[in-house]
Every structure is written in structure tokens, then in C-alpha cells.
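K.L.:
Listed below, chain by chain, are the residues.
Number of protein chains: 8
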Amino acid sequence: MSNEHHVDFDRENRTGFPEIIYGEGKTSTQIINIIHELLPRHHKALITRIDETKATEVLHHIPEGRYNVAARTLVYGQCDPIELGHVLVVSAGTSDVPVREEAVETGQWLGCRVETMTDVGVAGIDRLLSQKETLQNASIVIVIAGMEGALSSVVAGLVKRPVLAVPTSVGYGANLEGITPLLAMVSSCASGMSVVNINNGFGAMYQAAQILKLAADLSEER
Amino acid sequence: MSNEHHVDFDRENRTGFPEIIYGEGKTSTQIINIIHELLPRHHKALITRIDETKATEVLHHIPEGRYNVAARTLVYGQCDPIELGHVLVVSAGTSDVPVREEAVETGQWLGCRVETMTDVGVAGIDRLLSQKETLQNASIVIVIAGMEGALSSVVAGLVKRPVLAVPTSVGYGANLEGITPLLAMVSSCASGMSVVNINNGFGAMYQAAQILKLAADLSEER
Amino acid sequence: MSNEHHVDFDRENRTGFPEIIYGEGKTSTQIINIIHELLPRHHKALITRIDETKATEVLHHIPEGRYNVAARTLVYGQCDPIELGHVLVVSAGTSDVPVREEAVETGQWLGCRVETMTDVGVAGIDRLLSQKETLQNASIVIVIAGMEGALSSVVAGLVKRPVLAVPTSVGYGANLEGITPLLAMVSSCASGMSVVNINNGFGAMYQAAQILKLAADLSEER
Amino acid sequence: MSNEHHVDFDRENRTGFPEIIYGEGKTSTQIINIIHELLPRHHKALITRIDETKATEVLHHIPEGRYNVAARTLVYGQCDPIELGHVLVVSAGTSDVPVREEAVETGQWLGCRVETMTDVGVAGIDRLLSQKETLQNASIVIVIAGMEGALSSVVAGLVKRPVLAVPTSVGYGANLEGITPLLAMVSSCASGMSVVNINNGFGAMYQAAQILKLAADLSEER
Amino acid sequence: MSNEHHVDFDRENRTGFPEIIYGEGKTSTQIINIIHELLPRHHKALITRIDETKATEVLHHIPEGRYNVAARTLVYGQCDPIELGHVLVVSAGTSDVPVREEAVETGQWLGCRVETMTDVGVAGIDRLLSQKETLQNASIVIVIAGMEGALSSVVAGLVKRPVLAVPTSVGYGANLEGITPLLAMVSSCASGMSVVNINNGFGAMYQAAQILKLAADLSEER
Amino acid sequence: MSNEHHVDFDRENRTGFPEIIYGEGKTSTQIINIIHELLPRHHKALITRIDETKATEVLHHIPEGRYNVAARTLVYGQCDPIELGHVLVVSAGTSDVPVREEAVETGQWLGCRVETMTDVGVAGIDRLLSQKETLQNASIVIVIAGMEGALSSVVAGLVKRPVLAVPTSVGYGANLEGITPLLAMVSSCASGMSVVNINNGFGAMYQAAQILKLAADLSEER
Amino acid sequence: MSNEHHVDFDRENRTGFPEIIYGEGKTSTQIINIIHELLPRHHKALITRIDETKATEVLHHIPEGRYNVAARTLVYGQCDPIELGHVLVVSAGTSDVPVREEAVETGQWLGCRVETMTDVGVAGIDRLLSQKETLQNASIVIVIAGMEGALSSVVAGLVKRPVLAVPTSVGYGANLEGITPLLAMVSSCASGMSVVNINNGFGAMYQAAQILKLAADLSEER
Amino acid sequence: MSNEHHVDFDRENRTGFPEIIYGEGKTSTQIINIIHELLPRHHKALITRIDETKATEVLHHIPEGRYNVAARTLVYGQCDPIELGHVLVVSAGTSDVPVREEAVETGQWLGCRVETMTDVGVAGIDRLLSQKETLQNASIVIVIAGMEGALSSVVAGLVKRPVLAVPTSVGYGANLEGITPLLAMVSSCASGMSVVNINNGFGAMYQAAQILKLAADLSEER
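Protein chains in written order, with my numbering: chain A, 1 to 222; chain B, 1 to 222; chain C, 1 to 222; chain D, 1 to 222; chain E, 1 to 222; chain F, 1 to 222; chain G, 1 to 222; chain H, 1 to 222.
Pulled out of the complex, with its shape left as it was, chain A reads as follows:
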């Protein structure tokens, strides 16, 4: 089954970034084969949702990568830095760390400047507000929140830049494994916010990188 995955070499040309490998449901052998195809051409690779056991096996064969156990990401090399702007990743609690780390690793690999603001929840709004300037200086804000996902509405009301909201499955009962904050974020009364899948730190950062790259490209065309 190892040769079933056809690497999409044209993707970098078409979408601005090389194909990124979603590790879940792939064997370490499949992943190794894909990296072997990607590296000679792109000199970089990002594998997301890869557990520690598989990552160890992959690193045994292709050792120049780096694994982040919290993020469950494996990175080789990185894209060229994007010269304008930076992304701020805001997360509410320690339970959201894996999603935040996935976002951060993705952003760094894609060439973004990434900053983080942690442990700011709506139930202690002063802590968030005391960092209002940091929020407002960011080019893009990614808000990661579980439970009822209220944090993203508050942040979107404070900044003039795009907010990308990531609901998480942190919580229990009526949280419905993240469906409740997903629907809440989509229903938000705040303008300037869009939403990605539950726990999808990667997806939010990917779009953030696209936005910064757009700014850089438009700026150059000027």
C-alpha cells in the first residue's frame, strides 16, 4: 500500500505552499515514503497529527527533522519567511495547549512570525484586557477556545484585524466534544471572525499564513 499516495508536487505552485502530510491514518512507512519524495524537491516537509511512536520511526530513517510531542507535528526545514506582519495565537487554558502548539509549529514552518498569549479566559477578562495593545498590534489573531468558546467573540470586538477562531473539544457534557463552541463561534455576534474545524490549529494558521503572504505579494506589486 506504500505507493498509494501520489505526492502533489504542483501544489506549491498552485496554492503557495507544498503539500502538507496529515499523519492520522497513515503508517510510518507511508509517511517515510512521502517524505522521501518531498524532500529532494521542496527541501522541507511538515507532518501533522503524527503520534510519538510513528514519529520516532520516521526520525530513525530521516533524522534531520524535529518532533513536537504536544503539537504532534514533525517538521523538516521550513518555508521562506513571510516578510510582513505577524500572527498572535491566543488560547484560554492549559488544556488547549496541543491545539496551540500545532498552530505555532505550522506557522513557523510556513514562515510566519508567530507570537502567543496564553491562559486568558473570558472568566477573568481583566487579564485579557491588560494585554489589549498586544492584541491590537497583531496582524491576525487566532483564538483557540473550548468550553463555550466565548473568548473569540470578545477578542473580535477588540481588534481591527481578522480573527480566526478554533473551537476545541476541551470541556465535557454540553460541550459535545467541541460542537457547541463550533456552533457558538459561527453564531457569534462579533464581526470579522471566521471559523475552522474543532481542534484544527493547523487550518487556522494555514489561512493566517495565506493572509500574510497576500499582504506581502500585494505590497510588492504596488
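These are computed hints drawn from the structure, not numbers from a lab.
Some clues are possibly wrong.
Here are the computed distance ranges between Cβ atoms for each label pair [as the list claims (entries may be wrong)]:
| # | chain 1 | residue 1 | chain 2 | residue 2 | range |
| --- | --- | --- | --- | --- | --- |
| 1 | B | T29 | G | E57 | 35 to 41 Å |
| 2 | C | H43 | A | Q136 | 37 to 43 Å |
| 3 | F | T134 | E | E24 | 37 to 43 Å |
| 4 | C | L39 | B | P81 | 43 to 49 Å |
Note that the coordinates shown come from a computational prediction; the quantities given were computed from them, not determined experimentally.
Ideal Cβ placement from N, Cα and C applies to all residues, glycine included.
Starting from the known structure of chain A, arrange chains B, C, D, E, F, G and H on it as the hints suggest.
P.N.:
Below, chains B, C, D, E, F, G and H without anything else, positioned relative to chain A:
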């Protein structure tokens, strides 16, 4: 069918307040008959969820009441004032007015001191925060919010008093006619908050009145 | 990652009680660090949803606490007693014990007087009714019920004090892991009842403590 | 389209009762044609869920029937009386009257002895308990309840006879148009209860009639 | 915690059968204590949803019982035989065996005459129809079906006796762990059918026993 | 807005049939314009989900069509007859007639030989079984059923040909406007069945026509 | 009630654009009052979700605006043009026109250069692909799609710029009034896409404008 | 319990293919017994959803079969080849391999000519389009897709032959274990597509085989 409803005269004794009539699904004749039974004994009556047509008919027969068209409530007389504390009803937008009005009318009839704070949403958090003292002075805060219902979490993090959250069906799409803010409020990361049914301004205020009455009674027993 | 959690020292001032640590999703090292920050200042700490393995590790480092395996709570010290009123925790069956225990431990730590009434279900209503006086003497009643959650409606109809309802995931099939009793309790025909998240014994008791504290404070202001 | 419905003449033989016509979605002409086929053979007919306009048209052509506007039933003749037992229909409030009436009309047409107990809700449990003997004397109890549907659990715990529960769409918000009491009744902690579709007063009574007929038949075979 | 469960000794008097113990969520010690209380008075006990490990421990202490591993039931003694009628338990496939066995064990303990018909599915309708007489001779038919639950509608259309339908969680995907057949059975176009919780073989048989007992009692009163 | 719709002239070449117009959400002017583009090239047109008012307007301008009010279809001309096989449309009750008619009109326009079998429900299985030969002679069977949708499983177990199941929104309560029979049909225990959207008589027949055309084409290639 | 809405004058400063009025649930008088407050300060106003009757009344009092009946928007003046980039609004069918028009009107008012591509659906993929260059030249693509919402995934795979997806309630049955395309878009396998609420053309364009403004600002800071 | 399953020997005659054994929920002993009954009569058997442990045990007793670990199928012999047409199985990613393999094994056993096209997703539409001719040459296309399931709509728009769509549980969060692509596929805007249960590769291929057999039979009858 007019004599099907057996008025629960013992309820005031048992639960502290006389039976309150839920108008939806009852004819004006049924409501008139119930009021005719209640007034001689309790000298007061509250009818909720009664539309203007029915209320007009009822007032034609028993004119000493007052109808609030926004609240859809009809009141006759009122309970003895509760001597301690006051309830603050916080609502986000003009679309939530019917729910707020139902709460306010209910509270006044039950003998509570009621204040309101309106048009404070999470998307403009400064306006809420500028009234922090008013929030913190309230004995109980009822938060009425539709869309994603985030307001209640923010308020609950600001006050030391109980917060009663009322989700509303204001919104569209992923709001799911209020189910999303209901689940979001129940999932909230903020402590000290409990939730009632969608658009149930009455229910939140009824419990608030119970709490103030408890405080008054305990205080007297002291 | 151990220094990611910023303890909210202002919370006691703002909300009346010090920050309480939600153990789920935190490592024992993180919990130890947080307790080390909390104890010098507050001389007390409550950790909820902490499993036995982690609690043992924490107690190894900070031994003066007490772990309740049914409640999954770890407590150090306790808040000042609240002088007025008491909370009655009513639960239907032995399967709801963990939720009840979480409520009881939380209440005691917060300084409430807590009583319990167990094994009273709607399917054997006489047993509940034979203790009507006990129900009616309570300042606040917390009702914990799984299956269809009908118990809370019956209790709310019997007492004049606030009822806080806790749906539980006890049951199977159409219980939908507690979503059914949650929705049923929220839809209840009984006035004077509000609802917290599934299995959230902590949350119900936290609000009960707020209510008693409100009564005590209002009583003093008198 | 009028001759599309093939009357199932064998049904009385096979299932004990003649075919009953579900009026919703049928034109008055179709209904008239079906009755014209049924009456000569069975000398009786029951049409359920038929609105007043259609019923008036049908009665204009076949006048010997009787229409119950609350029940939305149209009856011609009736089945032979079932000699043993009786059915008690318990309903909580005036809003549930249409469902109760459908049950009562169906029962009388099927030959059952039917009694009713109305306006007994779980929020005023004493009123229900004061009629415990009436409940316990019934051969079968049909419980009709909306909101959270808790009444059926309480009744099932009081009687030794089968309880058939009918959830209704009475309520709002979290009632989910009857889905919540349906799921709650199915999840009930009380034994000896089974459930039919939302607002299906007909269906519950049909099964009640089957049960009484079974008792009569078994008794004769003895 | 062992003395938390108060045995409901009055239940046999009130509901016709002694309390039956739901084993899930109880420890073997708790179960042993309950049996020790029940046996001296009732000389019989039924424990449902008890896994093999717990049952072995219980039998070690109170050896005169019998465990059925498929049914997950433990029985001691049995109720007096009900003299009239019999229950037929119809199930579609081998995967539904645990539910069927729970029903059968429950029925035998309650004193019913129980017969079974197995491996009859709607996808091979001839096999079912070839046993039409057996179906029609039963006093009550319990139909156990997973997947889409269609079997119960077909059976209800073939018999004149009550059909009690038990949806099961057998299936995958759109079966939604039994919610789909539950809703389908409740929506059924066939009259004379009521529904119990998913996998609740016990509940269906309990009601079947009530029905047969009703027939026996009415017959005697005659 | 009238020129917003670009007719997909290549569709006949690509998919075997010309573009069919879905009338819902289009104005009569838009529909007229599209027909004016289609007729010169294809000499035929099918418009589905078009209400009577719009159809009358369209026919006023382009009179050579035919409107079926039950089906809500408007047809002009028709495709070449498909020479092999025929489709049997089976429906349970009179309420499903609109869906059946949509299927029949679509099939005739697409060139299929179409037969119908009506008023056969699972609750009267003999009527269905008495036509077993007709069922088994069909090349393809489309089964239209609301309520719980059980009919399709029974039919699929009787025939060796493909069964296409169409759930309908006929029913109430737990039918969930057709979602329940949709999920039930998808979960079916019967092999050889696939499912289309709720009330989508058009979609089922479109696929049936594709299947017959495939047979005709393969047969010719032979 | 007319003075309940407090205009958030600081919003332009804080979020980059003045407050935009959501018309649903507001009376024409309330809207007039708000516009009267906004115009002197901002010299522009946008009202969304305002029906024709209300808009006519508003225009009667404040005539210099323009109403778009398809978009249900009322505009006065407009923001300064954003100098870089342009937004392409892609929509699948004529039924999605109201959502598209809301997006277009919003974009023009916010100062964006807006282009549209219409009537491109996944079922006729060639038409979309023939405009690949237009897609790839856009700075941001807003994809509006109902039914199953597949169009956004295809577009996101073709472009290197951010895709903002708007699910619509166009469809029936399993479309679940837009919930299905909402969940589908959120689950998409394509990177670089985020999602807003059902039918929320305004929200998608608002974020697009933020993105272009970010690019313009970053470009200037350079 | 081993003799509970009654093999449906008539099925081949009735439905065109012998009974196929669904392995889930059956013991290896039960499976062995069923094979022992099937083989002498049909000389072939297919067991689906059988895990490796059980398959090994079965092969130990009846060794002439072949197990496919990815497909979880065990096959003995095979049906006669179907002479016309072929089925193309299209799948999006490596995570869908188990579903694809189940389809392929089923097709080969049923006598179909089966081809596969893998790793074609909507996010890289060119790869799919470059194989348009292969798609269009297939007699039937089975599309297997998780995430949002968009692939099937695109394919159905490209071919004139029937498309059978299989949603899979591949994905996370809003994928809802396959419910989202199931609903999306059913809601699809593309004509000529029908849907089977989540992960049901077997079911899709079974219907494909029926279609090819129909073509072969009709062709012979000609």
C-alpha cells in the same frame, strides 16, 4: 373545557408565590376563569406568554390589570416587596427586549427591586466594563443573550453574586433557535452560573426572587 | 509548560472565592506548581476532576491535603464558614454518587453547611415525600439525577427555595450521555429551577455557596 | 387520485380492529370514498387528524358521524364494548387537551371504558397523590405530558398496571417540539412504561384497547 | 457507601413485583448487601446488567443464584407463575442475542411463559411469514431489532395483540447507536406498538408481565 | 438577474441527459428564459419543484408544455425511449403521492417505461406480498416511504434488482421531517439498496434512468 | 424603546469600520434613530437584513440612501476605498443570489473592489475550471454554496489565496437548512478555508475587507 | 447459541446472490458453522467485518479461504463472472483504504470486473480531471470519501453512469464520524447519485453488482 384547570391554591404556601398562569395554549375564557378564582384569594395574578388579542379580551372582563405588549405579560396587583437586595437584568441587544421585559415584569410583580442594563454586548466589551461597578453591586445578575451567548460567561467572571443565564432564540443559522447559546451557557468556563430555558425571562426572575426571599428570611431568622 | 498557568490571585477579591483548579487536562507537575502558588496566599486550595494517580503524586509533594476518590477532589484547607443557611444535596441512586460527592466536597470547602438525601427516585415517590420537611427546611436544594432527570421537577414543586439541577450521564441509550436529562430539566414545568452542565456537581454547589454568601452579606448590611 | 387507497378489509380479522383512517394528507373526497367503502362492511369508521373544514365536508355527505374539534376526530358508530377493565387517561395541563381528546375519542370508539384525570402535574405532586387510588384502580394508565415529560415516571412508580406514555410538543425551547419528553420518557428510571410518538394519543389508546381485549379473550379461553 | 441503597420493600405491594436491581454502576459489595436484604423478605431477586466478574463475586457469597452471561442477569428464585397467556420474543439476528436473553430471563423470573422466535429479519420476510401462526397465537409480542428497526412494523401489522418494540444498538454509522431504530419504531406506521429504551430487553418484558398479570387479575375479578 | 443562469449545453453530452431545471428559488421569468435557451437545442425540457402559479405563467409564454400539479413538474417534449427494462415505483400511502408523481413524470420524460404500485405498506404486508411477482419482474424498484421507512427494507429482501429508496417527510414527531426514515433506510439490514434525499422522487428516477441506459448501451456494445 | 440602542461611536477607531446595523428585530423608528446618530459623525451607514417595508419607511425619512431588495441592504455613503487587492464572490446558483448580493453590497460599502462569478457548481466542474485564472487572480475568494457545499473545497484547492466559505440554506431535506453545508465546509479536506454562519454574506465580506485593509496598512508601514 | 442462525438458502434464488455473512457480533464458532452450511450448497462464501483473530480461527478449520486484513473480509470461492461492464472504485485518501478494500473484495467475489482510482481528492482537482476518460469509461462509479464528502458531487457531474457514494468516518470534529459527509452526499446538487451507509463499501458494491447483472440479464433477454 373552561373548568379543567384546577387552581393550585396551596402553592403560595408551599412554594412562596401564588400560581402564575402560563397563557400559551389557554383560551381567554380559560384565563378569565382562572383569574376569577385567583383574585379573591390572592388579590394578585400574573399571566405570562399572553398575546395582545387575548389580553384585550381578559382586560375587557377584568379591567384592573396592566398589559405589557413587549413582555406579553398581564399583571394584577403584586406580591409584597422583598426587602433585601436587587436584581440586575443585563441584555445584549434590542432583539432581546421581549425576554428582558418578561423578566422585569415578573420581578416587579414578585416584589423584587429590578434594575436593567441594556445594549451591552461582548463585541463591545468596554461598554460592559465601564459599568463594572453596577454589575458588582447587584445581588443577582440575570444575563439575557442570543447569538452565541458569550455575554454570560464574561459577566460571571466579573461578579461574586449568582448569575442566571437566559439563552435567546435571537440569531439565525447555527444559533439553532437558541439551542446553541443554551448549550454554550451550560458549558461555560465561568463558575457561578446556572441556566434556564430559551427565552425564559420569567423563569430566571422567578429564581432570582426566590434567592432574595431566602436572604430576607434567613436574615430575619438570625 | 509548567509555568503556563497564571494564577488569578485577584479572583477571590473579584468573585468571592479563590481560583479553583480544574484538574482534567493538567499534569500533576502543573497542579503542584499551581498549589505552590495558591497556598502561601490563600492557605487553601480545591482541585476538582483529578484522578487517583495524579492526586497521589500531588499528595506526595504537598501532603497536607485530602483526596476523595469518589468525588475525584483534592482539598487543602477550606474557606471561612458561611454563617446562614444550608444546602441539601438530593440524589437518586448509587450511580450518581460521584457527582454528589463532588458537590459535597466543594460545598464543605467553600464553607457551606451541607446535608444529603440519597436514594430517592421518582419511581418511588413516597420515599421522597416522607422527607418533605427535610426538603422544605433546606435553604437551597441541589438535585442530581440521570436517566430522564424527572426528580428535579418534583422537588422544585415541593419547596419554596431555589433548586439547582444537575443532570448526569447515568443511564444508557436515549439518555444520550446526559443530554436528555439536561434538556428535560431545562424544559421543566416547575418554576424556580436552574440547570448546570452534565455531572457538574461542583458548579451547582459553587452557585449555592454564592447564594448563601449573598444572604449572609445582605443580612449584615441590614 | 380518489381510488388510490385500497381499504384493508382483512385488517379487522387480522388485527382485531377495522382500518382506521389517518386524515392528514388526504382530501375530503378521498376520505368520503374510504368511508363509503368501510361503512357497509364494518358499520363504523374512525378518522383521526382531520381538520374542521374537511370534517364539515365529509359530514355534509355522510351525516351520521360526530366531529370532535379538539380531538380532530370524526367517528361513525363504534366497536363492540370490551367487557373487562378500563383505561385512565392522565394529562398535565390544558395545553395537552387535543392529545387527551384524541385518546378519549379513540378509546370510546374502540369499545373501551375510558376515564380521565386532568391538570395533575409533577410541579404540584400532592394533587396527583391525592388521587392515588384512582390511579391504582385503573387497568391501564395513559400519561400525556409535554415540557420535560416527568409525569409518566412518577405515575409508573405508583401503579402496578402498564403505563403508556405520550410525549407532547407542548413547551418551547429545549422541549424541541416534543423530542425532549420523548427521549426522557424512553430513558425513564421507572419500570413498566412504554412510549409512543409525540402527540400520538390515538396510538397509546389503540394499544390500551388491545391490552383490554387480550384480557377479555384470555379470560374467556380460561 | 454500601448502605446507601434503601431497598424499596413496599414496591411489590405497590407495583406488583419486588424491586429489581440494576447492576450497572453498583459494586459487588453493594449488590450483595441488597440481595441480603431482599431474599429474607421476598425469597427471590433479579439483578440485571451485571458483568461476569461481579456476578462471580456475588455468587461466591450467595451461591443459590444462576448467572446468564449473554443476558448479564443474575437470578435468585422466581415470582409466582402468571397463569394466563404467553410472551413471544422475536429477534432478528445473532447480534441481538444479549437483549433477547435479558428479556427471556426477566420474563421467566417474573413468572411469564416465554417463547422465542429467532433469526427472522425483514430482509428475508418469508421466514417470518412462515411462522405467522406462531406470531398470531402469542398474547404479546416483543420485537427486538437493530439496524433500521423495520421488523417491529411488519410484526405489528400481522397480529392483533400488543407489540412492544426494543430498538438495539446493533449496526453502525447511521444507526447512531440505536437512536435511529428508536425514532423509526416510534414513528412507525403500524398501530398497536409502543417502544422502550435502546437494548432494554428487561423493560419490554416487565411491561409484558404487567399485561399478563392484568389479564389474570381481571379474569379472576370477573 | 434573468441572465444569471448559464445553461449547461454540454451536459447532455457529458451526463447523458440535458440539464433539468430545479424550479424552487427561480422566478417564472428566469425559468422562461432558460426554457427559451434549452428548447431550440434539445427540443425538450423538464422543470421540477415549480408551483402552480409560476407554471401557469410559464405556460402562458411557452404553451406546448404540460403541468402536473401533484408532481409540481412542467414538461416539454421528452427524451428518446430507453429500450430495455422498466422501473417500478412503489409507494406506501396517499400522502406520498407528490413524491411518486415527481418520480413518474421524471421517468417518462427521461424515456423510461414506468409502472406504479400504490398503497402497499409494511403494516399490511400481505397486500405487498400478493404482488411479489410484479416486484420481482421490475428492472429497478423505487420505494417511496415516510413514517419509519421500513417498506424499502422489505422490498429489497424480495427482489434481485437494485432498490432505490426515497424517504419522505410524511409523518410527525419522531419522523423529524424525514430525517428518521432517511437514517433508517441508510442503516437498513437489506443489501442492494441505496438512498436519495428526502422527498427526492426526481433523483431516484434519474438514477434509475441511468441504470437502464447503461444496460441498453452495454447490450449494444456486446 | 427607541433610545435603547447606544451607538458604538468608538467602533471605527477600534475595529477599523463604523458600527453596522443589523436590521432584523429592530423597528424602522429604531433604525431611523440610529442612522440619525451615525450619519453626522461617520457620513455613512450600512443596514443589513432590513425588509422592503422598513427600508421604504427609513428612506422616506432619510432619503439619500439606496436599498437593494435582493440583498436586503440599505446603504448611505461608503467607506474610503481600500487600495490593494480585490475580492471575488463565487456562487453556485440563482437561489444563492440574496447571500451574494448581501456580500457584494457590504464589500462596496466597505471600500473593497468586488467581482463576481456566478452559476458555477461542482456538478459542472468544467465551467468553474474554465475560469481558473480569474479565480487565481483574486486576492480573496468568497464561496457561497448551499446543498452540500462542495464548491468551496474545490475552489480552495485551486487558489493560493484565502477562501471564505458561506454555507446557505438553499436545498431541502438533508440540507438541514444549511447545517449540513456548514458542517461539511468546516470538515473540508482543503486547506486555507474558513467558514462563517449560514447565509452570512455580510460576515464573509467583512472579514475580506479586514484582510485587504491589513494588506494596505502593512504595505504602507513597509 | 451456535445453531441460532438459520442460513437463508433461498436467498440466491430470490436475490441473485447467496447469503453473505456479516461477521461483527458473531463468534468464530458461529461463523464456522454457517460456512459449513453454505459451502456444500453454494461452493462459495463471503464474510465481511471479520477481524483478524476470528478469521485466523476460521481459516484454521476451513483453510481454503483468503483473508484481506485491510478489507476485513474472508472469501471462499466466488460467484460466476458478470459478463458486461465494470465498476470503478474511486477513493480520496489512504485513510479510506479499508472501505475501498471491502468494496473491491466484495466486487471480485460477486463476479464483477473492478478497477480502482486512488488518491484523488477535490482539493487537487486536476489529478481527478486528468483521469476523466477513465471515469467516463466506467459502467458504474463508486466514490468513497470522508471529511466533507465533496468528491462524489464532482464525479457525478462528470459521468453519465450511476454514481454510488460511500461516506466514511475519516475526519474529525465536524465530520461527526461520517454523519456530515452522509448528509452532504444525500443533499448533493449533482444528479445521478445515491448513497449507502457510512463506511459501507460492501453495500455500494453489492448494488453495483446488481446493476451489472441487470444489464447482463436484460441484454440476454433482448
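K.L.:
Let me make sure I understand: some of the numbered hints might not hold for this structure. Which ones are they, in numerical order?
P.N.:
3
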